[in-house]
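Q: The residues making up each chain are set out below.
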Amino acid sequence: MDDHLIQVLSNIGMITFIALSAYVLLLTGEISFGQQAFFAISAYASGIATAMWGWSFWLGLLWGAGVAGFAAFLLAWPTLRMRGLYFAIGTLAFAEMVRLIFEVFHYQIEIDGEMVGPNGSEGFRGIRYIFENNISEFQYMMIIYALLASVLVFLFAIERTRVGAIFRMLGEDELLAEMQGVNRTYYKVMATVIAGLIAGIGGALFAHMNTYVEPKIFNVMLGVHSLAYGLIGGLGTALGPLIGVSLDIGLLESTRMFTGYRMVVFGGLVAILLIFRPRGLLDEEAVHAIRSAWRRKTPSTRQQSEIDAPD
Amino acid sequence: MVDFVQNTLDGFFIGSSYALLAIGFTLIFGVMRRLNLSYGPSIMLGVFAGTMIYIQLEAGLVFVACATVLGAVLAGIYVERICFWAVGRGAVLASMVSSFAIWMQLEELVTIFFPERTYAFPPLGDFSLEFGPFFIRGAHLVMFLCAAVLTVLLHLLLYKTRFGLALRAVSENPLAAKFMGINTGLVVFSAFALASAIGGVAGFLIASADQQITPLFGLWATFKGLIAMTLGGMGSIPGAIAGGLLLGIIEAQSTWYLGAEYRDLVAYFVLFAFLVFRPGGLFGQRLATQNRLSMQRV
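Protein chains in written order, with the working numbering: chain A, 3 to 313; chain B, 29 to 326.
No lab work stands behind these hints: they were computed from the structure. Among the clues, some could well be false.
[As the list claims (entries may be wrong)] Just the calculated beta-carbon pair ranges, DEER-fashion:
no., chain 1, residue 1, chain 2, residue 2, range
1, A, W55, B, Q84, 41 to 49 Å
2, B, K206, A, M144, 20 to 28 Å
3, A, T163, B, D31, 56 to 64 Å
[Unchecked claim] Counterexamples of contact, computed for chain B against chain A with all Cβ distances above 10 Å:
no., residue
4, F32
5, L63
6, I81
7, A119
8, S123
9, S126
10, L169
[Unchecked claim] Now the stretches of chain A that chain B is said to cover, found in silico as 3 or more residues with beta-carbon under 8 Å:
no., region
11, 8-22
12, 45-57
13, 199-210
14, 244-250
Keep in mind the model is a prediction, meaning the values are calculated, not measured. Ideal placement from N, C-alpha and C gives every residue a C-beta, glycine not left out.
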């Protein structure tokens, strides 16, 4: 594989994490403009761990995701009261606060005669673990996709359990779900923390791939994009965000098909797509149709025998 | 003390332009219950239309103002047709994401035609007033007066005309308004055009006070309007005015006492605190309305 392709695929993988994080909240019916905050928190936390404290990459990743998850846990409580648009604006305010705090956050130590660490709006240079340990770009891409696959499997598993059903129930009608005995607080906090953890994994991967992060990368545009990816791909399945990201970054940005006016084309296409499919390409109905078509094909022998039985 | 009052004055005058942005936002939110992220970018398109006839034709201030408002209204209509009229009424999220997609589109269109970082915009009221120790920029005074006149006109339109009545009816309950024979589609369309026109005026005033514009204006206008609207209470016009003024004053005070890098941080902190403790904003809706709004799902 050539370097450009690896770069593009790695980017798709990393951005999918933050899109998945927004998707988890969309399942519970909340629009979040603020998932980039957890991406940023983990990027900084894991970068500090590996570049400044000398931790290993995996420990740093765990630590970054953990800090992001904890931040999500803290955010979950005040935002429990917010619903609909209020939640969207509340998460936006939170994410912008996080970004602006990183703009004034200074924490540097001297390593080999060089100052390393977050330096306010100058950014955080020298997160070089991957290069110092001779992990090639291809290997790193495989790490990204292995993690992405695990997260996707985790989300698919969740969707098949009671928890997934409850998430979608809360997304459909919160009041009704509560009347069925669903503990709203518990599941909302859980969804927020899962979303924070997923964005956190992406953030740690992002920091180590780019070796450099600065606060303005994590602006609200990243958050709204990640939200849009989920909706473009479809809200029916966890593959939706991946499809959305691949369409945007993979198809348009990297092939340079519409250099200079890519967004004119893509923006228009998305707007038209949403007119015809307001819940994305693979929405719940499409997923259901695919699933039942699949079922009809494979275990048809059993169904057939059931029909034949009365004879 | 003198500093504090001077900051408050500065904030008040800048806040009047935020108030105009928020009024446009709140009008759209009021009749549609949806968020138009493309609001700022469509104003930006108007502002760039204004600057184009200023640079190319050296047109006077009045023509530049007309071009700005016209551009904003046309862009607003485009957004309304694509993102709100065409997308089904139930799909709140789709409308919002669609308006974001159109935002990206408009922003790129502007950067294709205007590749420089900044463009000149004709200045407005190049004078200043002094009262004892206090100082007021002429551009800010003109901005405030325009905003005040526009607010009064809007109030008359909403409370003294049949169109205003229809608009308020749709905002209260679209279905009931439809049963009363109101053409809700037309009312929504006009409200959108009206909001864009108000946004266009706000854009013109802000751009001529700064005497320059950048393609970042769209992002800036959308979020200033959104914050001001939320601070005041979504869907409320007096709230939008109060929220805009409050935002201006908060920004001026925090810039003075804490430094420019803390300005937005303080503003977002206040916004977050409002959402937690007083989600209805300054002029909060009644609890019933709030609950109804919050029950509307994605």
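Q: For each hint, tell me whether it holds in the structure or not.
A: Evaluation of the provided hints:
Distance hint check: the CB atoms of A/W55 and B/Q84 are about 58 Å apart, inconsistent with the given range 41 to 49 Å. Taking the beta carbon of each, B/K206 and A/M144 are about 57 Å apart, not inside 20 to 28 Å as hinted. Hint check: A/T163 to B/D31, Cβ distance near 60 Å, so the stated range 56 to 64 Å holds. No beta-carbon of chain A comes within 10 Å of the beta-carbon of B/F32; the shortest separation is about 24 Å.
Distance check on B/L63: its Cβ comes as close as 6 Å (rounded) to a Cβ of chain A, failing to clear the 10 Å threshold; non-interface status is violated. Even its closest Cβ contact with chain A, about 23 Å, leaves B/I81 beyond 10 Å, as expected for a residue assigned away from the interface. Its beta-carbon lying about 4 Å from the closest one in chain A, B/A119 breaks the requirement of being farther than 10 Å from that chain. A beta-carbon of chain A is positioned within 10 Å of the beta-carbon of B/S123; the least distance is around 8 Å.
For B/S126, the condition that its CB be more than 10 Å from all CB atoms of chain A is violated, with the nearest at approximately 4 Å. The Cβ of B/L169 sits about 31 Å from the closest Cβ of chain A, beyond the 10 Å cut-off, so the non-interface label holds. Under a criterion of three residues with beta carbons nearer than 8 Å to beta carbons of chain B, the stated coverage of the region 8-22 of chain A fails, only 0 such residues being counted. Counting residues of the region 45-57 of chain A whose beta carbon lies closer than 8 Å to any beta carbon of chain B gives 0, which falls short of the minimum of three for the stated coverage.
With 0 residues bearing a CB less than 8 Å from a CB of chain B, the region 199-210 of chain A misses the requirement of three and the coverage assertion fails. Under the rule that three or more residues need a Cβ within less than 8 Å of chain B, the assignment of the region 244-250 of chain A is violated, with 0 such residues.
Of the numbered hints stated above, those contradicted by the structure are hints 1, 2, 5, 7, 8, 9, 11, 12, 13 and 14, listed in ascending order.
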